[in-house]
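Participant: Read top to bottom, the protein sequences are chains A and B.
Following the numbering used here, the numbering of the first sequence begins with 57 at its first residue and continues without gaps.
Following the numbering used here, the numbering of the second sequence begins with 17 at its first residue and continues without gaps.
It is worth saying that the hints were derived from the structure and are not from the lab.
Among the hints, erroneous ones may be present.
What the hints assert, rightly or not - Listed below are the simulated SDA-like cross-link pairs for lysine to any residue, each with C-alpha atoms no more than 25 Å apart in a straight line:
#1 Lys-292(B) x Leu-391(B)
#2 Lys-186(A) x Lys-128(B)
#3 Lys-267(A) x Asp-287(A)
#4 Lys-128(B) x Lys-267(A)
#5 Lys-186(A) x Gln-78(B)
#6 Lys-186(A) x Glu-146(B)
#7 Lys-186(A) x Ala-126(B)
#8 Lys-121(B) x Ala-221(B)
#9 Lys-161(A) x Arg-189(A)
#10 Lys-292(B) x Thr-118(B)
#11 Lys-121(B) x Arg-106(A)
#12 Lys-144(B) x Tyr-125(A)
#13 Lys-64(B) x Gln-78(B)
#14 Lys-401(A) x Ile-281(A)
#15 Lys-64(B) x Thr-118(B)
#16 Lys-164(A) x Pro-148(B)
#17 Lys-161(A) x Pro-148(B)
#18 Lys-121(B) x Thr-148(A)
#19 Lys-187(A) x Glu-146(B)
#20 Lys-102(A) x Thr-138(B)
#21 Lys-187(A) x Leu-147(B)
#22 Lys-64(B) x Asp-69(A)
#23 Lys-276(A) x Tyr-125(A)
#24 Lys-244(A) x Thr-138(B)
The structure presented is a predicted model; accordingly, all values stated were derived computationally and were not measured.
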Amino acid sequence: MIQFDNVSKIYPDGTTAVEKLNLTVEEGELLTLIGPSGCGKTTTMKMINRLIEPSTGTISIHNKNISDYNIHELRWNIGYVLQEIALFPHLTIEENIMIVPEMKKWGKQEIRHRVDELMEMVGLDPDNFKKRRPHELSGGQQQRVGVLRALAADPDILLMDEPFSALDPITREQLQSDIRSLQKEIKKTIVFVTHDIDEAMALGDRVCLMKNGEIVQVDKPQKLILEPRTDFVRNFIGEKKSPWQTAVDVIMDQSKTRMISRLQYERKNFNPNGVYIIVDEENQYIGTYKDGQKMEHPELPNDMQLVQTTEIFLRNEIDILPVVQDNRVIGTLSYGDIVHYLDSKTKVENGVIHQ
Amino acid sequence: MNHFLDVFQSRQTMLWEKVWEHLQISIISLLIAVVVAVPLGIALTRSKRLAEPIIGITAVLQTIPSLAVLAFLIPFLGIGRQPAIVALIAYGLLPILRNTYTGIKEVDPALKEAATGMGMNTFRRLSKVELPLAMPVIMAGIRTSMVLIVGTTTIAALIGAGGLGELILLGIDRGGEINLILLGAIPAALLAVILDFILRIVERASVKAGFRSLAAVLLAAILIIVGPFLANTQQQTDLVIGGKLNAEPSILINMYKILIEEETDLNVELEEGLGKTAFVFSALQEGSIDIYPEFTGTAIVTHLEEQAESNDAREVYEQAKEGMLERYDMAFLEPMAYNNTYTLATTREFAEGNDLQTISDLKSIDDEITAGFTLEFNDREDGYQGIRELYGIEFGEVRTMEPGIRQGAIEDGQVDLIDAYSTDSYMVELDLIALEDDKNLFPPYQGAPLMRQETLDRYPELEDILNQLAGKITDEQMREMNYQVDYEEKSYEEVARNYLQDEGLID
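This is chain B alone, in the form it adopts within the complex:
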């Protein structure tokens, strides 16, 4: 509890900022969903033949997992808020649409007849009789949507939309740091409760004060949305640098930013913590971001769908560089020194107890081992699939989990073995042993800036600036920097700046 309060204290500014973002995204999405769904629901009551299919379509929209919707939208809308809002709208549509339709359809036919018989035209009947009577049902739909949207907004953090989900993701990434997760989850839940409460008051007031109360809420909502845009006139940004979710890419892109802004007049914006490889790569293709650090190994295996032709770091880089240029018209600048390859890691105790030094040593006891792998590793040719083929190893049980949870799982003894990156800070913290890849399955994973060729053509100076890091940063240094962020709570920027100063790259 005390620790939670500490985390709360130290992250307070960030928390409020995230709450605000969360509120903004949720309310924009909800408002648009209302603006779309209520008139549509009303229209459907006039054309019953269309009603079932259209409500069916929105129901299907809702059954698609939110993560899938987000991933699907990246090629069209990129990353950030827009795709998140579009996905959230799709999510919020159904309850409002269905309740508007049902609410209006189920107004007592005698009342509709009375209204018609008294000479009301369609619009007057709608505004004076049907809508007010259907209001409690419609509001119930809006409230359901609101809870749904506020909850789902946490996932939008994966594509850089911001919000409280960032705190949760950060918590998961820090090895399931429960206090950070709570710091994101509790305010998200509170937001839902508070908004629900406000909407309930609006609902009650709308019975008495009619549409005036609705208008008031609408105005307040618009102020929340527009306020920040009025407050800060944003600087023009020339370059957006993205990074996957983790300490390491976040530190690297801070170095890029510092170096670029030091030597040019370009304005650089950072999109940290962009989730999975696929998200970041499609964001780069689509143009939402201009640069992100990618691993040579990943470029070959994931993006080019090839096998590494060699295990020599330089040759792997050359293969990746040519491939990326040819296939995607992308420039892959010089890699840094460290090799953050995959490795299988286990506790010192387990390794010594079973006399394990290499991956081959696992074969004799493979059916007794419970492995904890990331989804990505489990599916990769240079991951578990490759281990099965090359080493002929089939583990007794494989549990797939988020990267950040693996270290917790091995610490608690829930799994015996995990996939790890050689520069991960918890290797030090938990005293894990990396088993030697004696059959050279894993290609070298060296980090290097990846960008579209057109970006490099426009800013050719970037090549020299970013290549200052080429061959720099050893495994040891990288691990140390990760450790400073993950365990010593230093900011990415501070760590990045310290390194660059130590190396004499900046003053």
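Isolated chain A, as found in the complex:
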């Protein structure tokens, strides 16, 4: 847990980068920091590993003031991924990853094992890539290694400073989905700075929107969309966003009117003309009822973009699918929901479609 308590950063020249910031990043949470440039998001992040010292206020990790930690040990426990990737060009991939474990004096065998394990985790064949140097890898591969380097010594916290902004759109998307699946596995506390609202919305368990050194709103992505606290939030989120890029959990039907329990299903306690998603006692998806039959369809992850769902709908010839988060069904998405959502996001003026 990272806690900001009344933290301000004022530079000697008088510019205020961050003002009276209060923020808590929960254990295992991925928090994205976003805002227009100069809003203080990077400063906020770099104060966590003390690359920047706050002028006033305190930051605590696990309820202990960070200035009470040995600064080097503090940093060993905070993985750091940079926008510039910044792999050391004179070291091999393996040596880059080994740096923090070496400083933490891990055993040689242990380090070697860890490097292999990490590389396999992101799909880089250790035998093939270990001895190469960074410049022999593509940008996407390099940043994968950048993330591994940060994770190497199994830190509690990961700081990511616009890590994917230097990559091309396709690679960026790949890495975003990588980090999502990785986070499911490793459950680190991650502070992720980005200037790309789609990235912030797609990755963040919560999104912290900042402006002029202050927090405007910290909330779950869909809350930010549904309940923007100010016009600034609305505009910022709405700015570049196509409705087709919206995550399904924003669009989905949360009313559970299209869901039935295993018990209801077994007792046939529902309208047999409808189509329903059947869940068990744990809220896990069991199947879909249609035309008197139970079938199984793919689940939609809660952060999947709308555009990616259409193909699944068409392939399965079904008009409703379950939306799941952590294996639990949290809602349903149907053709009807999609049409309503798109309609609500589209205005037609003088024959021109505005989104």
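Assemble chain B onto chain A, guided by the hints.
Facilitator: Frame of chain A; chain B shown alone:
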């Protein structure tokens, strides 16, 4: 070409010895420069306010001509290797310092931030990230310094540091003997090329093998430096006798050595070819050498800054002897017979064509004459300055040059007239005519051993031993001995020993 090979053959042993010395001096200087400049450069990146002034100072050090640095250091460090090495270090500092500073400063800030953010401390960041990344730039600086140092080491021969410069100086002294000069210059250039090549390999290896390759080179360098010290445990020397750069002083000091070692148990070491008068004299004052043969005329004019009160050789000697004792506390023993005074010399053809016998005869045609003078002569009261005042002669053009080059210049007809010493061997070889000093401008120049009084007090027997040469060696004999060395390639020692045997001074 064939002649070059002959010279190479005959001087092979000397060549290898000089190459070795050259290598030693260069590498010691380079190593120390690296040891000083690299940490300093690193320190400066931490304190940017100091960086500019300090780099500025080393830049100034480098702009001072190397010869001046050498001359400046003699009063403090004497002659020989130490001052040479100090001067070379001063020379090598700048490129290494500047490149270390720039190399480290220009490491990508993102990489520095990554290192800091990952929890490296300053030292680890330096050794693991900054130094390896700056290494190519630092090595480029070291290579520049190395070339600079290997080149400048040739000049260090002027203060008796040894090295390939000795061959070059010897070549210049022998009337620009091109093969000798090449024999010094080519290996010096090759050394620079080879060392540069080695350093480039080290640089490449250091990327892969890290500091291990550097350590290996360091070890090799230290072996080169220390090796000779381990090999020959040097004899204790009691006396060091120095001599200016020329055949004549070198022959004389060999005679001193033979005589002293014949009659005492003292160990004598010779420092031959010590360059200019000023270098040798400051070396004597400072104690790097104990004795050197000086001319009576030079003692009066240069060291005592007086005019000779008479033109009588004996009176001039007495004036010099008293003056040196009074002003410098130095003993000037009895002079030898020959008078190696300055003279103006020209070719027989030119002299006959213009009907020249005396210096006064030059006056009528002075503005048509191109003279080739040594820097020293051009500036001396008993040289060209005196000629202008006493004779009222102003030559059309005066070219100043190294002593050894004058005879070549007059031989080729580039100049009509040169200053010469009456015992110089080329007077015979080139059939030059010495013009008579009809107004007695030049004081007599008789050679005599000059030493600090304290040396004589410690070894009073030296007076009798060295005075055995008093009144000996005529102009004719001196010229003949010079000729044997310069043109017949005999060694100084052989010529010296032959003379002493002929005179019955030794068996």
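Participant: Take the hints in turn and mark each one as holding or not.
Facilitator: Hints, verified against the model:
Between Lys-292(B) and Leu-391(B), the direct Cα distance comes to roughly 11 Å. Compliance with the 25 Å bound is thereby established for this hinted pair. About 23 Å separates the Cα atoms of Lys-186(A) and Lys-128(B), which keeps this hinted pair within 25 Å; it holds. In summary, the hint linking Lys-267(A) to Asp-287(A) is supported, as the alpha carbons are separated by about 13 Å, within the 25 Å threshold. At roughly 29 Å between alpha-carbon atoms, Lys-128(B) and Lys-267(A) are farther apart than 25 Å, so this suggested pair is violated.
For the suggested pair Lys-186(A) and Gln-78(B), the alpha carbons sit about 47 Å apart, so the restraint of at most 25 Å is broken. At roughly 23 Å between alpha-carbon atoms, Lys-186(A) and Glu-146(B) fall within 25 Å of each other, so this suggested pair holds. At most 25 Å may separate the alpha-carbon atoms for a hinted pair to count; Lys-186(A) and Ala-126(B) meet this at roughly 23 Å. Simply put, Lys-121(B) and Ala-221(B) have alpha-carbon atoms about 23 Å apart, close enough for the 25 Å limit, and the pair holds.
Restraint check for Lys-161(A) and Arg-189(A): satisfied, since their Cα atoms lie roughly 23 Å apart, inside the 25 Å limit. Between Lys-292(B) and Thr-118(B), the direct Cα distance comes to roughly 40 Å. Violation of the 25 Å bound is thereby established for this hinted pair. Restraint check for Lys-121(B) and Arg-106(A): satisfied, since their Cα atoms lie roughly 22 Å apart, inside the 25 Å limit. Taking the CA atoms of Lys-144(B) and Tyr-125(A), the gap is near 24 Å; set against the 25 Å cutoff, the hint holds.
For a cut-off of 25 Å, the pair hint linking Lys-64(B) to Gln-78(B) stands: about 22 Å separates their Cα positions. A hinted pair counts as satisfied when its Cα atoms are at most 25 Å apart, and Lys-401(A) with Ile-281(A) qualifies at roughly 12 Å. The suggested pairing of Lys-64(B) with Thr-118(B) holds, with an alpha-carbon distance near 11 Å, which does not exceed 25 Å. Using a Cα cut-off of 25 Å, the hinted pair Lys-164(A) and Pro-148(B) holds, with the two alpha carbons roughly 23 Å apart.
Proposed proximity of Lys-161(A) and Pro-148(B) is supported: the alpha carbons are some 22 Å apart, at most 25 Å. Of the pairs offered as hints, the one joining Lys-121(B) and Thr-148(A) holds, with about 23 Å between alpha carbons and a cut-off of 25 Å not exceeded. Among the hinted pairs, Lys-187(A) with Glu-146(B) is consistent with the structure: their alpha-carbon atoms are about 21 Å apart, no more than 25 Å. Proximity of Lys-102(A) to Thr-138(B) is assessed by CA-CA distance (about 19 Å); at most 25 Å being required, the pair is judged to hold.
Of the pairs offered as hints, the one joining Lys-187(A) and Leu-147(B) holds, with about 21 Å between alpha carbons and a cut-off of 25 Å not exceeded. Among the hinted pairs, Lys-64(B) with Asp-69(A) is consistent with the structure: their alpha-carbon atoms are about 20 Å apart, no more than 25 Å. About 31 Å separates the Cα atoms of Lys-276(A) and Tyr-125(A), which puts this hinted pair outside 25 Å; it is violated. Taken as a hint, the Lys-244(A) and Thr-138(B) pair is broken in the structure, with Cα atoms around 28 Å apart against an allowance of 25 Å.
In this structure, the hints that do not hold are numbers 4, 5, 10, 23, 24, in rising order.
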